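Visitor: What follows is each chain in one-letter form.
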Amino acid sequence: MSDTRLDDGVDTVPRSDAAYDVPEGATTYECGYCGRPFARESWLALHRGLEHPGALTDAEVAAFRTAHADEEESLGTFRLKALGSLILLYFGLLMVYALV
Amino acid sequence: MTVRRRRVVGSVLCAAVGLLAAGTASAHGGSLAGGGRETLTVPTWLFLSTGGAAVGASFLLASFVTDRSFIERVHAWGVPLASGGERGLVLAGRAVGLVGLVAILVTGFLGPTNARTNLAILLVWVGWWAGLAMTTYLLGNTWSVLNPWKTLAGLLPSLDRAYPDRIGAWPGVAGLLALVWVEVVSPLADDPRLLATVVVAYSVVTLAGAVVFGPATWFDRVDPVERVFRYYGRVAPVGRGDDGYRLRLPGMDLSTARLVDGADEVAFIVALLWVTTYDGLVTTPAWRDLTTPLVAAGLPAHLLYPLALVAGFGLFLGVYRLAVRAARRTAETYLAPAVLARRFAPPLLAIAAGYHFAHYLGYFLVLAPSLAVALADPLGSPALVPVLDLPGWFGGVALASVVVGHLVAIWVAHAAAYDLFPARLQAVRSQYPFIAVMVFYTMTSLWVVSRPEVPLPHL
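Which chain is which? The protein sequence lines are R and S, in order. Using our numbering, the letters of the first sequence correspond one by one to residues 251 to 350. Using our numbering, the letters of the second sequence correspond one by one to residues 553 to 1011.
The set of hints was computed from the structure by calculation and includes no laboratory data. Keep in mind the model is a prediction, meaning the values are calculated, not measured. For each residue, glycine too, the CB sits at the ideal point set by N, CA and C. Do not rely on the hints blindly, as some may be mistaken.
[Said to hold, decoys possible] If we take Cβ atoms under 8 Å as the criterion, some of the chain S residues that face chain R in the derived model are: (1) 615; (2) 884; (3) 974.
[Said to hold, decoys possible] If you want the footprint, here are the derived chain R segments under chain S, 3+ residues with CB under 8 Å: (4) 276-287; (5) 339-349.
Let the hints inform the model, and build the full structure from the sequences given.
Guide: The following block contains the structure:
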């Protein structure tokens, strides 16, 4: 969150308690630099790389690289799906217009 | 809004979406003598689905942009504008605002009673609410300088009472709804005397509020008109940065993190969207058919309109809040709902601006010559008032503005989501519910303009 980003990411707690709302019993991966909780470990790794790039340990850098590579791969799949939906939408409407 | 104005609005927007739907231009939008809303050449469900699909397709297209640094570059781009001579411009602007207010009061009470020649009517509706509002989101917000009440309030003493923080912008939300209610149920665009009276009433409330709480607090937090223009100004390319004025890409200011700061301000944005719909909704046959039994059963008509206004606002706001809850699930985020609500409300302003432009550009162009004539001779009442005839292709401009409004909104929300979430797919998923809400708002508005128009029932 950019609000906390202003704090330079070092040793911060969220300014207001209301910034996060973690359901009870949920698995969280908390950022050691700013305390922001995430539902997945890979998101935490990405967050650390994006928000606290200067402060990372080597292990965290490696985790960021892995998470980033995985993300690229899933984005590729997503793009294909999005393209498919666009084509379906376009030709679907085209057909409907031809019929009515 | 007068029936005449609604007709221009309806025919232009219908022609616009008709173009989108059927691919053929068959309308002559914007003629004052023209009939009601255009009849569609495609079934209503298909017309609505096409509008919804256009929003969905825009979202899919935006989701192809996954380069974080590119998005950040686009949003951070800005050129500082040379400043200097600001003092003189501000003074001149304030003078223009004051002269405008005096002109409205004088011609409203003493000018011709014909709405087509009366300067007060033309200045308020054509010059200010259509023209100035359009410049606000196309160029930049000048109302904060022009605002004559602000200038007057600066001259008055102030009691500087503390403004209760917990009511925030809610009085402004109520004020916006109240102004729209008065505009819809009364012949405010037909009766210059009534218009001038309402302006006087607004002046009394505004100046009294500014005296009690201080002008800065009043115009920053309460006054709904000031807030509407300030929010529209956020869509504009020229804005105020940390150090002076700067030029940005249109709408990019909407992704700024702290633009909207609470549930009250979110509600104001949703109210702004809802009132454009309400304005047309009450002249549909469905509204008449739905309310006739209610009125027959004894519900007073003058209660019906404000009730519907508030209920519809509640519905729009409820739908938005549901979307926020849903976004927390689709994005699997632990960010509080309030954080998401604040961040994804400002993009809706681009949609509101797009609809405003589609509604009022034709209206403004048609009546601008009448305004010019009235400005040249404020108290005269010429028998013949010039109006502009708009060409048939004009509906396309309105269509384009509706589409551009949506594109900007989707892009800005996309950028805000990238800023908020570390994973890009998570950012895309967070948008699903908001896109559904945009589709809902769009289809509602399109449905309203696709209905034939009837006079306000029960009044």
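Visitor: Interface hint check: residue 884 of chain S, Cβ to nearest Cβ on chain R, cutoff 8 Å. Holds or violated?
Guide: With a minimum Cβ separation of about 4 Å from chain R (threshold 8 Å), the hint on residue 884 of chain S holds.
Visitor: Take the shortest C-beta to C-beta distance between residue 974 of chain S and chain R; is it under 8 Å?
Guide: holds (4 Å)
Visitor: Check, residue by residue, whether the stretch 339-349 of chain R contains three or more positions whose beta-carbon lies closer than 8 Å to a beta-carbon of chain S, and give the verdict.
Guide: holds (count 5)
Visitor: According to a criterion of three or more residues whose C-beta lies within less than 8 Å of a C-beta of chain S, is the stretch 276-287 of chain R covered?
Guide: holds (count 4)
Visitor: Please check whether residue 615 of chain S passes as an interface residue: C-beta within 8 Å of a C-beta belonging to chain R.
Guide: holds (5 Å)
Of the numbered hints listed earlier, not one is contradicted by the structure.
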